[in-house]
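S.K.: If you want the building blocks of each chain, they are given just below.
2 protein chains.
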Amino acid sequence: MQIYNRAQIAEKVRLDHAALEAVEAGFAALGRGEVEMPPILSMNIAENNGEVDVKTAHIHGWPRFAIKISPGFFDNPALGLPSLNGLMLLFSAKTGLVDAVLFDEGYLTDIRTALAGAVAAKYLAREAATTVAVIGAGLQAELQVAALRLVRDIQAVHVHARDPLKAQQYAAQMQARHGLPVTVHASAAAACAAADIVVTTTPAREPVLHWHDLPRGVHVTAMGSDNPHKQELEPAILAGADVLVVDRLSQSRALGELHHAPDLAREVLELGALVVSGRSARSRDDQITVCDLTGTGVQDTAIANYAARLLEGA
Amino acid sequence: MQIYNRAQIAEKVRLDHAALEAVEAGFAALGRGEVEMPPILSMNIAENNGEVDVKTAHIHGWPRFAIKISPGFFDNPALGLPSLNGLMLLFSAKTGLVDAVLFDEGYLTDIRTALAGAVAAKYLAREAATTVAVIGAGLQAELQVAALRLVRDIQAVHVHARDPLKAQQYAAQMQARHGLPVTVHASAAAACAAADIVVTTTPAREPVLHWHDLPRGVHVTAMGSDNPHKQELEPAILAGADVLVVDRLSQSRALGELHHAPDLAREVLELGALVVSGRSARSRDDQITVCDLTGTGVQDTAIANYAARLLEGA
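If you read the sequences in order, they're chains A and B.
If you use our numbering, the first sequence corresponds to residues 1 to 314, in order.
If you use our numbering, the second sequence corresponds to residues 1 to 314, in order.
It cannot be assumed that every hint is accurate.
What the hints assert, rightly or not - Covered stretches of chain B (in silico footprint by chain A; criterion: 3 or more residues with CB under 8 Å from a CB of chain A, positions within the stretch not fixed):
(1) 35 to 49
(2) 98 to 112
(3) 123 to 130
(4) 150 to 158
No lab work stands behind these hints, which were simulated from the structure alone.
Even glycine gets a Cβ: it sits at the ideal position worked out from N, Cα and C.
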C-alpha cells in the first residue's frame, strides 16, 4: 500500500488535457451505464459548523475504485486552517484491499470539479466562445476558468462577487497567474452581459443568477450547489434553457438546482450521455445551455485512478 | 496524524470489560438521541463478488468521529486472502482533519460486533444464563461467546452449523482457546433445546431459526443479517417474542430481520434505549427476548475512539 501527500499529488496531477481525458472517461462510463454509484453519505457536525461527505463509484472493468472523504469545517479559517480537506482511498476492485491512500487535502476534488466544468463547456458552449463571466471569487472561480482554457480559447474574464475586495484580488490573481484580463462588475447581470460562458461558483442559498441576466447563446455552468439548502440559479433559467444538463439526475434533484424546481416538466440530460454521444448538445449558436454540477463519485474514481497511475510512474 | 496496523491495534484492544464499556457508551449516546448517524453507504462490485460498506456516526461532544470502510470480497479465499477487510479513519470533530488511521483489517469490527451481542445479553438474557447455543461456526461464533462471558457466567456451548466439519473444528477451538465444553448438534432445534442464550451468526438467506426451536426463557441475538437478502429468523420469532429489540430501527427495517416482516405490528425497542434505562427489558424468567443486530456506525465511532486512546497511551 502506498501513501501519497498533497505535494506529491499536486506535482503530478495538473489541469491539463490528460486529466481532462480521465474525468471525461468517467462521465462516458456513467453515460454508458457502466458505473455503480451509490448515493452520497453525508453527516453534519452542527456544533462545530462542520459536515463530512463520502462519495464513491466503481466503473465496471476498472481495476480500482476510490472512496473519497471530504470534511468541510467552516469555522476552520478562524483557527488558521482551510475549511475543506479530505483524502481519497483507492481499493482493488478485485480483492477490496487498500491499494493507495491519497492524502490530497481536497486537491483532487478541486481538479476534478474544475474539469467537470470543462467537460460541460466542451459539449455545450459555442465553439467560438472566448469570454467567461464568473460569479464568485473563490478557488473554483480560478480553476474553472483555467480548465475552460483546455476546451475553448478564453481571452477575457468578467467577475462579480458579493465581496468587491475579493473580486479585485481575483482579478489581480488571474492576470498574474494566467495572463487573463479580468473586469470586475458590480452585478451578476453586468458581468454576464457580454459572456459566452457563465460559471457560478458560490455557496449561495438564494439565486445569484436570473434568467434576464443571460445573453442569447450563452452556456451556464452552475457548480456551487451541493446540498439541499444551496441554490445559484433562478428556476426560470432551468425552465427557459434550450438545453438543460446535470451531472447526475438523482443528485441534482436531491442536492442541486433541480431540488429547487420540483415541478419542472422538461427534458433534462445527463452529462455522461452527452459525452457518449460525442457531439455538442447545442444545435444553434443562439441557444442557451445550462449544466448543473453537484459533484459525482465517478469523477473521484476517475481522477484517483489517474493520479495513482502517474504517481506509480505507470 | 498517526497510522496503526492490525497487530498494534489487536495488542491493545481486547474483548474485555473496558471495551464493552466503550461500545455500551456508544449505544447509550444513541439511546439519548446524542448521535448523528447517517444511512450506510453501500456499493456492490458484482463482477468480483464484492461489496463495500461505509459507516459513520458522530456522538455530540465527543472529540473525534470515525468513518469505517468495510470491503467484503467473497472470492478472496480462493486467492488466499480473507473475505473481510477494511480500516477506520478517525477525524477531529472540531476541524475535520484526519487524526488517526486504523488499518485494523476488520479487527475492530469483529470486536465491536461481538460486544454488541454482549450488550444485548446484558439487558435481555436471564441473569442466571449459563448455556449458549450458537448457529454458525465462523469467527463471530467464537467472539460472541467470548463476549457473552463478560456479562454472564457461560459454562457450556451447543453449536449447529450447515457444515458439520466446521462445527467440529469450532468445538475443538472453543475447548482449546476458551476452555468451554462444546456439543455439536445436527439441527438448530437440538442445539437450542437447553439454551439460555441463542446466537445466530450466519450469512443465511433463509431462516435458520424457527419459533418452535426456542425454549421458554431464552434470549436470542441474531447478528448475521446486514443486507436485504439475508435472513436468520423466521418472522414468527419476531412476532412471538415477549420483548423485541434491534440496534437501530431504520437499519433493521432496511437490512435486518425486520426487513422480512414488513407487516409486523408490535412494539420494537432500540438497544440504546435499553442501555439508557439501565435495567433489563425482561420482566420474567420465562419470557423470550430477541435482539437483531445489523451493526451501527456508533459502535465504530465508539470502538475507534477507545482504540485510539489506548494506542496513544492516554
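S.K.: Against the structure shown, which of the earlier numbered hints fail to hold, in ascending order?
M.R.: Going through the list in order, the structure violates hints 3 and 4 and respects the others.
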